[in-house]
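Each residue of the sequence shown is one higher than the one before, counting from 0 in numbering that gives the first Met the number 0.
Treat the hints with care, since some could be wrong.
[As the list claims (entries may be wrong)] Have a look at the derived ranges for each label pair, beta carbon to beta carbon:
hint: 1; residue 1: G104; residue 2: S64; range: 46 to 56 angstroms
hint: 2; residue 1: Q44; residue 2: D65; range: 22 to 32 angstroms
hint: 3; residue 1: E30; residue 2: D69; range: 16 to 26 angstroms
hint: 4; residue 1: A95; residue 2: E62; range: 24 to 34 angstroms
hint: 5; residue 1: P35; residue 2: G129; range: 17 to 27 angstroms
hint: 6; residue 1: G104; residue 2: A179; range: 40 to 50 angstroms
hint: 7; residue 1: G208; residue 2: E76; range: 31 to 41 angstroms
hint: 8; residue 1: Q74; residue 2: A103; range: 24 to 34 angstroms
hint: 9; residue 1: D102; residue 2: T72; range: 18 to 28 angstroms
hint: 10; residue 1: T199; residue 2: D123; range: 26 to 36 angstroms
hint: 11; residue 1: L27; residue 2: E88; range: 19 to 29 angstroms
hint: 12; residue 1: E76; residue 2: A160; range: 19 to 29 angstroms
The set of hints was computed from the structure by calculation and includes no laboratory data.
Small disclaimer: the values here were computed from a predicted structure and weren't measured.
Here a beta-carbon is modelled for each residue, glycine too, at the ideal position from N, C-alpha and C.
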Amino acid sequence: MSDLMAVVFDFDGIIVDTETAVFEAYRLIYEQCGVPLTREQWCDQIGIWAEEPVDRWFTSLCELSDRAPDLATFQAEKRRLFQTLVSHEPMRGIRALVDALADAGVPTAIASSSPARWVVTAVDRAGLAGCFRTIVTAEDVTDRKPAPDAYLEAVRRLGAAPAQSIAIEDSGPGIAAARAAGMKTIAIPHWLTEGHDLSTADLRVAHAGELTVGILEALVKTADLIE
C-alpha cells in the first residue's frame, strides 16, 4: 500500500497559467498611461492575498500618471485584457499527472486563495472538471495563503494525513502555507515567481511533466524514514 495519501494542487500558475494574463493586463494598462510595470515590481505580491478597498495597482497608477482612467474604466479594461490574454489550457504535464494519480488511486484536490466563481469555471474550461475530488477556494477558509487553512481543509476533506500528502505550488507564500499545514511540498516556479525563495520546498522541478507517481511516493516515503 502506498504511503502517499493525497496530492493537493495550487491553482493559479500551477493548473492554468492565469498569472501571465493578470500581469500583462495590468502592464498594458500602465503602458497606455506611460508608466512601466516590471516583473520585479509585480512578483512579490504573487501568492499573497490582502483585502483592499481599492486595487493597489490602480492607486499607484493614479499617483504616477495624469493619464490614469477612472476606477470603473480601469477595472473594465483589466477584465477585457485578461479575457483576451488568458489561456484555458492546463499547464505542461498537469493533465498527465492528474490522470496518473487517478489511475494509481491517489485522491487529488485544489487549494486556492482565488474565489470559487473563478476556479470552478476555469477548471471546467480546462477540461478537468471531475478530475479533483474536492476544490477548496477563498470562500471555504477564514485565512488565505500564506496561512495553512486551504491546505488543511483540502486534506481534511480527502481524509488524508498532512504528513503523507503533497502540495504542489508555484510561489513562496504557497510553499509556506503547505509547510505550515505539515505537508511535503513541490515547487514548480512560474516565470513570474522564479525570484521567490523556494528553498524550503522538498523538491523543485521545471514543470509537472517531470513528476511521476513514483517520485511523489518516494518523497513521502523518504520523509517517513527520516522521521
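Each hint, compared with the structure:
Range check, G104 to S64: about 55 angstroms between beta-carbon atoms, so the 46 to 56 angstroms window is met. At roughly 25 angstroms, the beta-carbon separation of Q44 and D65 lies within the given 22 to 32 angstroms, and the hint holds. The hint said 16 to 26 angstroms for the Cβ distance between E30 and D69, and at roughly 18 angstroms that hint holds. Evaluation of the 24 to 34 angstroms hint for A95 and E62 yields a failure: the beta carbon distance comes to about 46 angstroms.
Under the hint 17 to 27 angstroms, the C-beta atoms of P35 and G129, about 43 angstroms apart, miss the expected range. Checked against the hint of 40 to 50 angstroms, the pair G104 and A179 fails, with Cβ atoms roughly 28 angstroms apart. For G208 and E76, the Cβ-Cβ distance of about 35 angstroms falls inside the hinted range of 31 to 41 angstroms, so the restraint holds. Between Q74 and A103 the beta carbon distance is about 44 angstroms. The supplied range of 24 to 34 angstroms is therefore violated.
For D102 paired with T72, a C-beta distance near 49 angstroms fails the hint of 18 to 28 angstroms. Remark: the range hint 26 to 36 angstroms for T199 to D123 is upheld by a beta-carbon distance near 33 angstroms. Taken as a hint, the range 19 to 29 angstroms holds for the pair L27 and E88, whose Cβ atoms sit roughly 21 angstroms apart. At roughly 46 angstroms, the beta-carbon separation of E76 and A160 lies outside the given 19 to 29 angstroms, and the hint is violated.
Violated hints, listed in ascending order, are 4, 5, 6, 8, 9 and 12; each of the other numbered hints is respected by the structure.
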